[in-house]
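Participant: Sequence:
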Amino acid sequence: MVKKYILNILLFNIFSINVYAMSFKNSIELYGDIFQFLPAFVGVYSLAREDYIGLGYLAISTSGTLATTFAIKYSFVAISKKHQNSASISRRPNNGAYDGFPSGHTSSAFVAAGFAQKRYGSNVGVPISILATFVGASRVIAEKHTIAQVLAGAIIGYIFGYFITEKLEYNLSISLALDSNNFHNKNIYKLNFSYRF
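Residue 8 is where the sequence shown starts when you use our numbering, and the numbers rise one by one after that.
Do not take every clue at face value.
What the hints assert, rightly or not - Restraint ranges, calculated between C-beta atoms of paired labels, are given here: (1) Ile154 / Ile60: 15 to 25 Å; (2) Phe77 / Ile154: 14 to 24 Å; (3) Tyr59 / Asn101: 36 to 46 Å; (4) Ile154 / Asn33: 16 to 26 Å.
If you are wondering where the hints come from, they were derived from the structure by calculation, not from laboratory data.
From the three backbone atoms N, C-alpha and C, an ideal C-beta is built for every residue, glycine too.
Put together the whole structure using the sequences plus the hints.
Facilitator: Here you go:
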């Protein structure tokens, strides 16, 4: 019960920011700035489910994603100092800096999407993937990244999140069955419990 209250308070604080006072472009950029932290939000979900092993997978995949993203990003920065034409894919559309490939906001958001899809299935993974997609779109709309930079970040993040994580297996299975064979003119009901060790 306490976990649900914490989750509700967290979500309320995120959405209580006064975006009406900002321009559309600035509010879209703010969305991307906030939801780049989707791994933290999904981590809270994992804690609420008491899925500590999943939280470990999320931490490892997020660390790997960010390390890879920033290694690539700053490799292009180093290349651009001597050969700007070779690093043109990493040039940001708004200020010309060469630290735009891949998008860090997008890779961070998509690691949460890949993790949620693999660990918890489509019921959690699809909504998180939609939120992550909006993060990528916000980076393009705010002119912080090109589409190629955002796609690269999405691919890196999703691959790390999906392939490092193991699917959550539910050990307890409950099923109710109605047997059509009558036993002395009475229906037979079966309730099966199974637990995997």
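Participant: Hints first: check each against the structure and report whether it holds.
Facilitator: Here's how the hints hold up against the structure:
1. Isoleucine 154 and isoleucine 60 have their C-beta atoms about 36 Å apart, which leaves the hinted 15 to 25 Å range violated.
2. Checking the proposed 14 to 24 Å range against phenylalanine 77 and isoleucine 154 shows it holds: the Cβ atoms sit about 21 Å from each other.
3. Checked against the hint of 36 to 46 Å, the pair tyrosine 59 and asparagine 101 passes, with Cβ atoms roughly 41 Å apart.
4. For the pair isoleucine 154 and asparagine 33, the beta carbons lie near 21 Å from each other, so the given range of 16 to 26 Å is met.
Against the hints set out earlier in the document, a violation occurs for number 1 only.
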